[in-house]
Every structure is written in C-alpha cells, then in structure tokens.
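Protein chains in written order, with this note's numbering: chain R, 1 to 266; chain W, 267 to 552.
None of these hints come from the bench; they were simulated from the model.
The beta-carbon is built from N, C-alpha and C at its ideal position, and this holds for glycine as well.
Hints are supplied without guarantee of correctness; some may be wrong.
[Said to hold, decoys possible] Chain R stretches covered by chain W per the calculated footprint, using a threshold of three residues with CB under 8 Å from any CB of chain W: (1) 177-183; (2) 206-212.
[To be verified] Mimicking DSS-like on lysine-lysine, the simulated pairs with C-alpha atoms at most 27 Å apart in a straight line are: (3) W:Lys286 <-> R:Lys179; (4) W:Lys346 <-> R:Lys198; (5) R:Lys68 <-> W:Lys286; (6) R:Lys246 <-> R:Lys147; (7) W:Lys390 <-> R:Lys198; (8) W:Lys506 <-> R:Lys179; (9) W:Lys401 <-> R:Lys179; (10) R:Lys60 <-> W:Lys286; (11) R:Lys179 <-> W:Lys390; (12) W:Lys369 <-> R:Lys198; (13) R:Lys141 <-> R:Lys237; (14) W:Lys346 <-> R:Lys179; (15) R:Lys179 <-> W:Lys405; (16) R:Lys198 <-> W:Lys405; (17) R:Lys111 <-> R:Lys71; (18) W:Lys391 <-> R:Lys179; (19) R:Lys71 <-> W:Lys286.
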Amino acid sequence: MIRDITIGQYYPANSIIHRLDPRVKLMATVVFIVSVFLIHDLVGFLIATAALGACIWLSKVPVRYMLKGLKVIFIILIFTVLLNMMFTPGREIFRFYFIRVTWEGVILAGKTTMRLVYLIVGSTIMTLTTTPNHLTDGLEKALSPLKKLRFPVHELSMTMSIALRFIPILLEETDKIMKAQQARCADFESGNLIHRVKNLIPVLVPLFISAIRRANDLAMAMEARCYHGGAGRTKMKPLIYNRRDKIGYAVVIAYLILWIVLICVF
Amino acid sequence: MSIRIEHLNYIYSMDSAFRKQALRDICLDIDDGEFIGLIGHTGSGKSTLIQHLNGLIRATDGKIYYNGEDIYQEGYSMTKLRSHVGLVFQYPEYQLFETTVLKDVCFGPGNLGLDAETCMERAKKALSIVGIKEKDHNKSPFELSGGQRRRAAIAGVLAMEPDVLILDEPTAGLDPRGRNDILDQIADLHSRMGITVILVSHSMEDVANYVDRIIAMNRGSVYMDGTPAEVFERYAELEKIGLAAPQVTYFMHDLQRSFPGMRADVTTVREAKDAILGWFEGGEKR
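Please model the complete structure; the sequences and the hints are all you need to start from.
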C-alpha cells in the first residue's frame with residue numbers, strides 16, 4: 001500500500017548515530033564514499049567493511065532496512081555484473097559464441113558490485129538516521145560559505161525541505177484519491193500499459209489540482225508569517241557541535257588518515 | 267441481513283516501526299434499511315472501518331459478509347461489492363476530474379460496464395436527487411460552488427445505485443443551509459428508496475436528528491451501540507472518550523433537576539418540546 005512507501009525513509013531509533021550532528025554524518029558519508037573508490041585490495045575491503053559494519057551496528061537500524069535501498073539498483077547491478085564479465089579482456093574462462101567470460105572480468109564485476117552496494121548502503125545509513133529536515137539544515141550550514149559567492153543557499157535548502165515535507169502529504173493524497181475512485185469502481189490493476197496510463201487520469205487530475213492548491217496555501221501562510229528569505233533569519237534549533245560530534249569528526253579523520261597511510265604504504 | 271462483521275482486526279504498517287492497531291475485534295450486524303450514525307473521536311478507526319465495508323482495505327484478521335457471502339473468499343468480485351456498497355469519502359469534491367459535471371457522475375456507472383445511455387440516465391437521476399439543476403450539468407465542476415461540488419461528488423456515488431450508502435462526514439465545512447440540504451436529501455433517499463445509510467459525523471446534533479442507531483467507537487473498538495436515546499443517556503461516558511451528547515440533552519438534564527418528573531432521555535429539539543409540554547400536561551393532573 002502507498003502509505004508503506006517511505007521516502008526520506010527516516011527510521012526512528014535512539015542511537016548515537018541518530019543523535020550525531022548532520023554535518024558530521026554528511027562528512028562521514030563523503031569520506032566513506034571516497035574510500036570505497038580507493039579500495040584495491042583485500043585490506044582496504046576489510047577496513048571499509050569494518051567501518052560500515054560498525055556504523056550499522058551503532059545505528060540500531062535493522063539490516064533489512066539498509067538493504068531495502070538496494071532493490072532500486074538491482075537491475076543496474078545485474079547489468080554491471082554481466083557487462084563487466086563479458087567485455088573485459090584477459091584470461092578466458094569459457095566462451096559461448098561471441099560472449100567471452102574472463103577472470104579479470106569476474107574480479108572487476110565483483111569489485112564494481114561491492115562498490116555500488118557499499119555506496120548505497122553507506123548513504124542509506126545517513127538517510128535512515130537523519131530526518132529530512134535535519135539533513136537540509138546540515139546541508140544549509142555546510143554550504144553556507146557559498147553564500148559569499150551569492151549562491152542562494154538558504155532558498156535552496158528551504159525549497160528542499162518543503163519538497164521533502166510534501167512527499168508524504170502528496171502520497172497520502174494519492175492514496176485517498178485512488179481509494180475514492182476505486183470506490184467508484186475505477187480499475188488500476190488490469191489492462192495493457194496504455195489502458196493503465198489512461199486509467200490514472202482520474203487520479204492525476206485531482207492530485208495536480210490539490211498540489212497547486214496546497215502550494216498556494218503554503219505560500220500564503222508563509223507570507224502571513226512574514227517570511228522574506230534567509231537574511232537575518234535565526235533558527236529555533238541551531239546546529240551546535242557537542243562532544244560526541246567532535247569525537248565523530250575525530251573518528252572520521254582517523255579513518256581518512258588510515259586510508260592515506262594505506263595508499264602510501266602499498 | 268445486509269452486512270455482518272465478525273472479529274475484525276486491522277493493523278497498519280504491519281511489519282515496520284510504525285505498526286499501529288487501528289481496529290480491534292469489531293463485531294457488528296448491519297441490517298437492510300437501517301440509518302446508522304457512526305461517531306468517535308479523531309483516530310478512533312471510523313474511516314478505517316468503513317473502508318473495509320467495500321473492500322478498499324483488507325482486514326488483517328476477521329471476516330465480513332455481505333448478504334451472507336464472505337467478501338474475502340476467492341473469486342468474490344470487489345467491483346460487484348463496490349457497486350452495492352457506495353462510499354463517499356471526506357471532502358469528495360476534490361476527487362472530481364472530468365470536464366463536465368455530468369461526465370464525472372457517469373464515471374462510476376461507466377466502470378460498472380453499463381452502456382452510455384444508461385449511464386447518462388442514472389447520472390441525470392442522481393444529479394436531480396442531490397438537487398443540481400439541468401443547466402449546471404454541462405459546466406466544469408470547478409465552476410460550481412463548494413456546496414454544489416460536494417453534491418455533485420455525492421451524485422457520482424449515487425449514480426451507481428448502491429444498496430448501502432456510507433458517507434464520511436458529508437457536511438464538514440459546509441454552511442448550515444448546505445448541511446441541512448445534504449442531510450435532508452440523504453434522509454429522503456433512505457425513507458423513499460429504503461437504502462441502508464451509514465453516516466460518519468462529528469456533529470452530535472446531526473446524528474441525533476437523523477439516525478435510528480448509533481455506533482460509538484473508541485480506540486479501534488465499538489464502545490457503544492444503540493438508539494440515540496440509549497447512547498446519549500450515557501453522556502458522561504461519551505465525554506470520557508472525547509465525545510458528547512447533543513446540547514439539548516444536557517439542557518433537559520439540567521431542567522430535570524429543577525423540575526422533577528421531567529423526561530431527560532431526549533436527543534432532539536422536537537423531543538424536548540414534547541417532553542416539556544408533556545410535563546406541563548402531567549402537572550395539571552398533579
């Protein structure tokens with residue numbers, strides 16, 4: 001059912017990772033993603049796995065949820081595996097007409113798959129443990145130096161938080177409208193593709209109208225509360241680093257140094 | 267026997283952190299031709315319950331029989347069920363999508379596989395029941411006023427000629443006149459065509475004025491089930507679950523304190539009038 005879909009997919013739990021400042025989590029995610037691309041041997045792989053495993057364990061989010069994000073890239077994964085196996089030159093394992101599978105191809109396929117999986121799981125940890133609003137707050141703060149370049153950081157983050165805020169509302173609305181039309185015996189499940197798209201019109205028209213109506217109302221409500229953009233605006237809950245955030249940064253930097261050492265040594 | 271609900275349970279988001287039991291062990295019998303008011307605080311499960319009755323939500327556990335047939339048995343046609351049990355959602359005017367009012371009302375009967383002519387006929391009949399004039403039939407739904415749009419949307423369900431009509435707060439956000447118009451039309455449908463009506467409402471006055479039986483829900487279970495007089499007599503318990511009795515019931519209870527012998531099991535203004543006049547007549551004899 002539609003209400004089961006979670007975008008922004010925050011998973012409420014009380015863990016150290018949940019309580020970290022979003023900026024720390026952002027930086028950690030970036031560092032982790034970079035490190036995933038630096039993996040060339042087993043040692044690197046083990047280090048990245050250990051880091052990822054520790055984060056998953058600390059976050060108290062069921063692993064099942066972490067792996068949910070992989071469903072989306074499942075087809076991409078299959079393609080990468082097949083293409084890498086078939087079109088990498090090297091020692092041949094077997095040949096089937098024009099398809100050649102090579103050792104190098106199998107290894108490359110394995111590496112690429114692992115990278116993609118780690119990439120997705122790594123960033124999923126962040127979205128699962130950070131509320132969308134917290135995340136945009138963190139982004140705004142992290143990007144604020146760009147303000148000097150006249151980059152509309154505040155406006156961008158406001159747009160993002162509004163967009164994120166509207167996703168569940170519009171999903172709920174879609175659910176409601178679909179049910180109402182189903183109550184009038186509308187059928188969304190059978191028929192060919194063209195038929196199905198056509199059947200969606202009774203849902204899409206009211207949905208668009210309501211989205212525009214809501215946007216209008218929101219704009220009015222914001223004006224009524226004297227919203228005029230970012231200049232001079234203070235926050236109710238400003239982001240302040242405390243001890244665990246500093247420890248978090250220290251861990252991230254230690255991880256980074258570990259990688260630099262690893263690259264220099266090997 | 268029209269609708270029978272046996273030990274119905276429903277749990278939202280079964281296997282996630284957001285799991286919530288919305289309905290608990292509901293057992294109800296709804297007979298043909300009843301006019302039922304369904305009341306309960308926000309989030310008590312009223313909307314979830316009524317969506318089960320036409321198969322929009324599938325129960326986690328329990329059974330529903332429509333005219334003796336189990337609606338969850340294999341091969342039971344939901345389209346058939348929905349043509350018999352019409353459901354009008356809250357703020358139905360936001361579901362209008364066609365270019366003209368008439369076409370929109372034709373949508374339901376069209377989905378039942380009826381030919382265009384029959385659809386037209388039924389749509390026109392439904393629109394006349396809800397009081398939308400012929401000259402408005404070919405207007406865009408967005409040219410109508412809020413109250414008219416609401417009525418057009420109700421006509422969209424009526425055009426399927428259901429035997430059971432369920433309305434989820436059909437009068438929310440309407441002015442007093444629009445409210446009375448819609449409720450009168452529904453009551454008229456009930457008495458003239460004998461259809462079963464289930465009315466979800468937050469207005470105790472409306473419920474007292476129109477229905478024969480009240481089902482009060484609290485936290486996903488049926489809390490009370492009886493005639494308006496029986497249910498509202500227990501107003502103290504109703505208040506505990508965020509509901510109330512009609513104002514006139516409170517008034518009569520106060521009056522009873524000063525005028526012993528006054529009947530207080532009263533839920534409408536008309537009944538109050540009879541009770542007061544009756545007391546005076548009784549007084550002459552006293």
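So, going through the hints one by one against the coordinates:
1. 177-183: holds (count 6)
2. 206-212: holds (count 3)
3. W:Lys286 <-> R:Lys179: holds (20 Å)
4. W:Lys346 <-> R:Lys198: Since the Cα atoms of lysine 346 (chain W) and lysine 198 (chain R) sit roughly 22 Å apart, the hinted pair holds (cutoff 27 Å).
5. R:Lys68 <-> W:Lys286: Roughly 21 Å separates the two Cα atoms, so the pair holds.
6. R:Lys246 <-> R:Lys147: Holds: lysine 246 (chain R) and lysine 147 (chain R) sit about 25 Å apart, inside 27 Å.
7. W:Lys390 <-> R:Lys198: Holds. Lysine 390 (chain W) to lysine 198 (chain R) sits at ~25 Å (cutoff 27 Å).
8. W:Lys506 <-> R:Lys179: violated (33 Å)
9. W:Lys401 <-> R:Lys179: Status violated; Cα separation ~30 Å.
10. R:Lys60 <-> W:Lys286: holds (21 Å)
11. R:Lys179 <-> W:Lys390: Holds - the C-alpha atoms of lysine 390 (chain W) and lysine 179 (chain R) are around 24 Å apart, at most 27 Å.
12. W:Lys369 <-> R:Lys198: holds (16 Å)
13. R:Lys141 <-> R:Lys237: Roughly 12 Å separates the two Cα atoms, so the pair holds.
14. W:Lys346 <-> R:Lys179: Given pair lysine 346 (chain W), lysine 179 (chain R) holds - Cα atoms ~16 Å apart, limit 27 Å.
15. R:Lys179 <-> W:Lys405: holds (25 Å)
16. R:Lys198 <-> W:Lys405: holds (23 Å)
17. R:Lys111 <-> R:Lys71: Cα-Cα ~19 Å, so holds.
18. W:Lys391 <-> R:Lys179: holds (24 Å)
19. R:Lys71 <-> W:Lys286: Between lysine 71 (chain R) and lysine 286 (chain W) the Cα gap is close to 26 Å, so the pair holds against 27 Å.
Checked against the numbered hints given earlier, this structure breaks hints 8, 9; the rest are met.
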